[in-house]
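Starting from the given sequences, assemble the full structure and let the hints guide the process.
Number of protein chains: 2
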Amino acid sequence: MRNFKEKPKVVIIGGGFGGLEAAKRLGNKPFEVILIDRKNHHTFQPLLYQVATAVLSPGEIASPIRRILHRYKNIEVILGEVTDFDLNRKAVKINACPESDDNRCEIFFDYLIVAAGAKHSYFGHEDWEELAPGLKTLEDALEIRRRLLFVFELAEREALLTGIQKPISFAIIGGGPTGVELAGAVAGIARRALAKDFKLIDTTKARVMLFEGASRILSSFDETLSQKAKKQLEDLGVEVYLNSFVKAVERGRILVNDEWIECSAVLWATGVSASPLGKKLGAPTDKVGRVLVNPDLSIPDHKNVFVIGDMAFVKMDNGNPVPGVAPAAIQMAQTVAENIIRDQKGKERKVFKYVDKGSMATIGRNKAIAEIGRIKLSGLIAWLTWLFVHLIFLIGFRNKVSVMIEWIWAYFTRERSARLITGDAEELLKTFASRQNLPTAKR
Amino acid sequence: MRNFKEKPKVVIIGGGFGGLEAAKRLGNKPFEVILIDRKNHHTFQPLLYQVATAVLSPGEIASPIRRILHRYKNIEVILGEVTDFDLNRKAVKINACPESDDNRCEIFFDYLIVAAGAKHSYFGHEDWEELAPGLKTLEDALEIRRRLLFVFELAEREALLTGIQKPISFAIIGGGPTGVELAGAVAGIARRALAKDFKLIDTTKARVMLFEGASRILSSFDETLSQKAKKQLEDLGVEVYLNSFVKAVERGRILVNDEWIECSAVLWATGVSASPLGKKLGAPTDKVGRVLVNPDLSIPDHKNVFVIGDMAFVKMDNGNPVPGVAPAAIQMAQTVAENIIRDQKGKERKVFKYVDKGSMATIGRNKAIAEIGRIKLSGLIAWLTWLFVHLIFLIGFRNKVSVMIEWIWAYFTRERSARLITGDAEELLKTFASRQNLPTAKR
Numbered sequence: 001m002r003n004f005k006e007k008p009k010v011v012i013i014g015g016g017f018g019g020l021e022a023a024k025r026l027g028n029k030p031f032e033v034i035l036i037d038r039k040n041h042h043t044f045q046p047l048l049y050q051v052a053t054a055v056l057s058p059g060e061i062a063s064p065i066r067r068i069l070h071r072y073k074n075i076e077v078i079l080g081e082v083t084d085f086d087l088n089r090k091a092v093k094i095n096a097c098p099e100s101d102d103n104r105c106e107i108f109f110d111y112l113i114v115a116a117g118a119k120h121s122y123f124g125h126e127d128w129e130e131l132a133p134g135l136k137t138l139e140d141a142l143e144i145r146r147r148l149l150f151v152f153e154l155a156e157r158e159a160l161l162t163g164i165q166k167p168i169s170f171a172i173i174g175g176g177p178t179g180v181e182l183a184g185a186v187a188g189i190a191r192r193a194l195a196k197d198f199k200l201i202d203t204t205k206a207r208v209m210l211f212e213g214a215s216r217i218l219s220s221f222d223e224t225l226s227q228k229a230k231k232q233l234e235d236l237g238v239e240v241y242l243n244s245f246v247k248a249v250e251r252g253r254i255l256v257n258d259e260w261i262e263c264s265a266v267l268w269a270t271g272v273s274a275s276p277l278g279k280k281l282g283a284p285t286d287k288v289g290r291v292l293v294n295p296d297l298s299i300p301d302h303k304n305v306f307v308i309g310d311m312a313f314v315k316m317d318n319g320n321p322v323p324g325v326a327p328a329a330i331q332m333a334q335t336v337a338e339n340i341i342r343d344q345k346g347k348e349r350k351v352f353k354y355v356d357k358g359s360m361a362t363i364g365r366n367k368a369i370a371e372i373g374r375i376k377l378s379g380l381i382a383w384l385t386w387l388f389v390h391l392i393f394l395i396g397f398r399n400k401v402s403v404m405i406e407w408i409w410a411y412f413t414r415e416r417s418a419r420l421i422t423g424d425a426e427e428l429l430k431t432f433a434s435r436q437n438l439p440t441a442k443r
Numbered sequence: 001m002r003n004f005k006e007k008p009k010v011v012i013i014g015g016g017f018g019g020l021e022a023a024k025r026l027g028n029k030p031f032e033v034i035l036i037d038r039k040n041h042h043t044f045q046p047l048l049y050q051v052a053t054a055v056l057s058p059g060e061i062a063s064p065i066r067r068i069l070h071r072y073k074n075i076e077v078i079l080g081e082v083t084d085f086d087l088n089r090k091a092v093k094i095n096a097c098p099e100s101d102d103n104r105c106e107i108f109f110d111y112l113i114v115a116a117g118a119k120h121s122y123f124g125h126e127d128w129e130e131l132a133p134g135l136k137t138l139e140d141a142l143e144i145r146r147r148l149l150f151v152f153e154l155a156e157r158e159a160l161l162t163g164i165q166k167p168i169s170f171a172i173i174g175g176g177p178t179g180v181e182l183a184g185a186v187a188g189i190a191r192r193a194l195a196k197d198f199k200l201i202d203t204t205k206a207r208v209m210l211f212e213g214a215s216r217i218l219s220s221f222d223e224t225l226s227q228k229a230k231k232q233l234e235d236l237g238v239e240v241y242l243n244s245f246v247k248a249v250e251r252g253r254i255l256v257n258d259e260w261i262e263c264s265a266v267l268w269a270t271g272v273s274a275s276p277l278g279k280k281l282g283a284p285t286d287k288v289g290r291v292l293v294n295p296d297l298s299i300p301d302h303k304n305v306f307v308i309g310d311m312a313f314v315k316m317d318n319g320n321p322v323p324g325v326a327p328a329a330i331q332m333a334q335t336v337a338e339n340i341i342r343d344q345k346g347k348e349r350k351v352f353k354y355v356d357k358g359s360m361a362t363i364g365r366n367k368a369i370a371e372i373g374r375i376k377l378s379g380l381i382a383w384l385t386w387l388f389v390h391l392i393f394l395i396g397f398r399n400k401v402s403v404m405i406e407w408i409w410a411y412f413t414r415e416r417s418a419r420l421i422t423g424d425a426e427e428l429l430k431t432f433a434s435r436q437n438l439p440t441a442k443r
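Chains as they are written, first to last, in my numbering: chain Y, 1 to 443; chain B, 1 to 443.
One thing to keep in mind: the hints can contain errors.
It does not matter which identical chain is used: a pair holds within one copy or between any two.
[Claimed, not checked] Computed cross-link-like contacts, DSS-like style, restricted to lysine-lysine with a CA-CA straight-line distance of at most 27 angstroms:
#1 LYS73 to LYS196
#2 LYS90 to LYS199
#3 LYS29 to LYS199
#4 LYS119 to LYS353
#5 LYS199 to LYS24
#6 LYS196 to LYS29
#7 LYS24 to LYS119
#8 LYS199 to LYS93
#9 LYS166 to LYS93
Worth flagging that the hints you see were computed from the coordinates, not collected in a lab.
Pasting the structure below:
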């Protein structure tokens with residue numbers, strides 16, 4: 001039986017944009033807040049592609065969650081993975097418990113906010129993930145960086161050993177903001193940053209191909225901006241293929257519509273699949289696993305359980321779902337925190353309403369597009385806006401300064417400062433050598 | 001048959017201090033130089049302990065070898081692992097070849113410089129490595145960082161779940177410069193950087209123990225400096241145990257002399273074992289695998305094959321071997337490069353002579369020792385000297401600036417900016433939970 005003199009206990013799952021915002025809104029308020037995350041750090045996902053393309057280092061876009069929230073005395077941060085729920089007992093189960101006694105693996109709550117995010121989906125072909133990694137975590141970004149840089153190293157070595165320069169080509173699958181950003185940045189690496197450092201191969205001849213199933217890239221933007229973005233990508237040397245469906249991914253090649261295309265590395269930037277925790281809540285979900293929440297963001301039958309961010313399915317007035325972007329997660333967190341506070345005051349809950357503050361995508365040096373209400377920007381002005389907004393929202397003063405210096409450095413030197421291949425190089429050498437050659441061996 | 005009009009081909013194995021220096025000395029000279037390394041980057045090993053203790057990020061102490069050498073048109077850099085030699089055929093074998101044809105796995109040389117370094121040795125107990133990682137590569141540093149930070153996270157979680165704060169203790173094995181630097185930095189993390197961020201546990205109560213088998217730490221320094229260093233460590237809260245031999249390492253505990261001591265994490269900073277490539281050269285080696293080289297640093301029977309750096313055993317005038325430090329490797333590289341140039345000019349080769357320019361070890365904030373000839377420094381002045389020298393020798397202007405900013409930031413805020421636990425957190429959670437508890441379970 002709950003002691004009503006105790007402060008209500010709010011458990012938040014996930015230290016992304018939504019989870020952090022909810023915690024901050026409840027910080028130093030009369031609640032006992034526990035935030036649980038699988039990582040010890042918050043990752044600023046909008047800049048992950050810059051880690052993947054060796055512009056920034058992991059530490060520059062990530063901060064320990066504990067650090068971000070340390071000034072709130074009522075917030076406890078716990079590293080752990082939530083495995084299941086017992087909503088009737090108001091309990092969250094976490095893995096890897098210190099003792100075998102099962103009860104100790106549970107954390108009890110009065111309110112639960114589930115903000116565990118989403119990852120890429122491979123449309124039922126999860127085996128493609130190894131061949132075509134997506135970009136959701138720092139580890140993903142480092143894996144992509146490793147592969148990108150390794151392709152050039154391998155080609156240089158082959159050129160030395162065999163005298164032949166094999167063609168290099170990169171395939172980026174998905175023409176949304178992440179795919180566009182990756183394509184532009186990969187082209188920049190090949191054409192600028194690496195060109196002088198390789199002596200036997202001509203890195204500027206590397207092909208960068210972007211495949212989009214729809215009839216235009218960045219389809220969430222206005223059509224004129226899509227066209228401008230395509231033009232800007234092409235100026236950077238990216239080959240943009242529209243109406244192009246990837247039907248198979250194999251080692252060293254992909255099947256696009258009906259044509260096999262050889263690729264040295266494949267990056268996946270399409271499809272979304274909400275955290276499997278959504279289904280474990282027992283609430284109805286849509287086909288990508290997002291929970292169909294009530295207008296106040298609680299779930300059916302459990303008024304004290306909320307789902308926010310990429311895990312929540314909420315319709316806007318125009319019938320479309322609220323997009324899976326950081327501002328939406330933050331706004332949902334604000335609504336939920338306010339509703340919890342209102343509950344305690346005996347006030348009626350608010351209904352969530354998404355305010356679209358605009359969207360942006362960057363393409364490369366001096367190149368970007370932005371759509372803010374009716375204002376449509378492209379080129380330098382959009383790029384500067386993009387830089388400014390991302391610096392402002394990046395968490396931590398230290399990171400802001402560091403990223404700004406990196407950007408200034410990269411702009412003037414055209415270098416990439418984080419060009420490290422880490423991990424087990426022996427393994428990588430073996431795996432990649434065989435990977436690269438399989439398509440050849442097949443013929 | 002070699003065409004004498006061709007430039008002589010010099011193959012260098014290893015992109016550490018020795019290999020890089022040799023390459024630079026032969027850069028833009030009438031040689032064809034190929035540098036082979038398992039990594040794409042040079043690691044500035046003297047600052048690795050700062051990556052392990054979350055002060056610096058990997059990218060700040062590493063630079064792509066290709067980038068460092070890109071201005072020398074006659075130097076080719078190849079990512080690859082050397083597996084064997086055929087010295088009579090003047091060939092180096094590398095792994096993971098692009099084609100199955102074995103000949104293509106060989107790189108031929110006129111001169112060979114082997115500078116593949118050393119790693120930690122576990123005195124025949126290589127199985128201890130997993131339990132007590134050493135510090136030689138960026139991957140090692142990240143593994144140590146992961147474990148250090150994880151110990152605190154786990155303790156906080158246990159405190160939440162069970163209400164009990166388990167004691168936290170770190171054991172650092174080996175009282176040489178690396179062990180001393182690690183011990184000081186770990187104490188700094190526990191006592192300063194993390195203290196405010198953990199709410200349930202008192203991180204300042206974490207024990208940091210340094211075990212040294214000899215009767216004093218930093219035994220390569222003057223005895224008065226050893227004593228000062230010990231005092232400085234103790235001021236930081238480190239427990240220094242002398243005449244203490246580690247006889248066994250198990251999960252969660254170590255056997256020191258005859259006493260089992262519980263440890264949350266164990267770091268290994270003693271013992272050295274030269275690269276196994278030394279033995280493959282067929283030359284005589286000492287008991288840690290260092291090659292007994294001729295006075296000109298070539299190996300017996302092969303005047304065109306040189307071994308330098310941590311892999312070479314050379315006696316100084318006082319009978320002691322040249323220490324395995326960066327300045328020695330650099331000086332050897334200079335001698336070898338000069339000898340190769342002399343060969344081409346028909347001049348007699350030089351004999352290697354080590355010039356000791358002094359040595360330093362840092363202990364913590366404002367704390368260090370330095371011995372330069374007869375000058376002995378300790379405290380703030382030694383610390384400033386240490387900072388200055390390391391900034392000067394750190395490779396890359398970009399890295400110098402970045403590290404300087406990090407140090408200034410860390411000094412004034414007492415924060416650690418690179419406190420990320422990366423890697424598979426699920427795996428880590430499972431492994432660590434069981435690791436931590438085994439000693440308890442045994443009773």
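Checked hints:
In this assembly of identical chains, LYS73 and LYS196 lie within 27 angstroms of each other by CA distance solely across copies; the values are 10 angstroms between and 52 angstroms within a copy. For a Cα distance limit of 27 angstroms, the shortest separation of LYS90 from LYS199 across copies, 24 angstroms, qualifies, whereas the shortest one inside one copy, 63 angstroms, does not. Taking the closest pair of Cα atoms, LYS29 and LYS199 come within 27 angstroms of each other only across two copies (17 angstroms); inside a single copy the shortest separation is 61 angstroms, beyond that limit. In the homo-oligomer, the alpha carbons of LYS119 and LYS353 lie at most 27 angstroms apart inside one protomer (24 angstroms), although the nearest pairing across protomers, at 59 angstroms, exceeds that limit.
In the homo-oligomer, the alpha carbons of LYS199 and LYS24 lie at most 27 angstroms apart only across protomers (16 angstroms), although the nearest pairing inside one protomer, at 52 angstroms, exceeds that limit. With identical chains, the CA atoms of LYS196 and LYS29 are at most 27 angstroms apart between copies only, with a shortest distance of 19 angstroms across copies and 56 angstroms within one. In the homo-oligomer, the alpha carbons of LYS24 and LYS119 lie at most 27 angstroms apart inside one protomer (24 angstroms), although the nearest pairing across protomers, at 46 angstroms, exceeds that limit. Within a single copy, LYS199 and LYS93 get their C-alpha atoms only as close as 55 angstroms, which misses the 27 angstroms cut-off; across copies the closest is 22 angstroms, which meets it.
Only between protomers do LYS166 and LYS93 lie at most 27 angstroms apart by alpha-carbon distance; the minimum there is 22 angstroms, versus 51 angstroms within a single protomer.
Going through the hint list in order, the structure satisfies each hint without exception.
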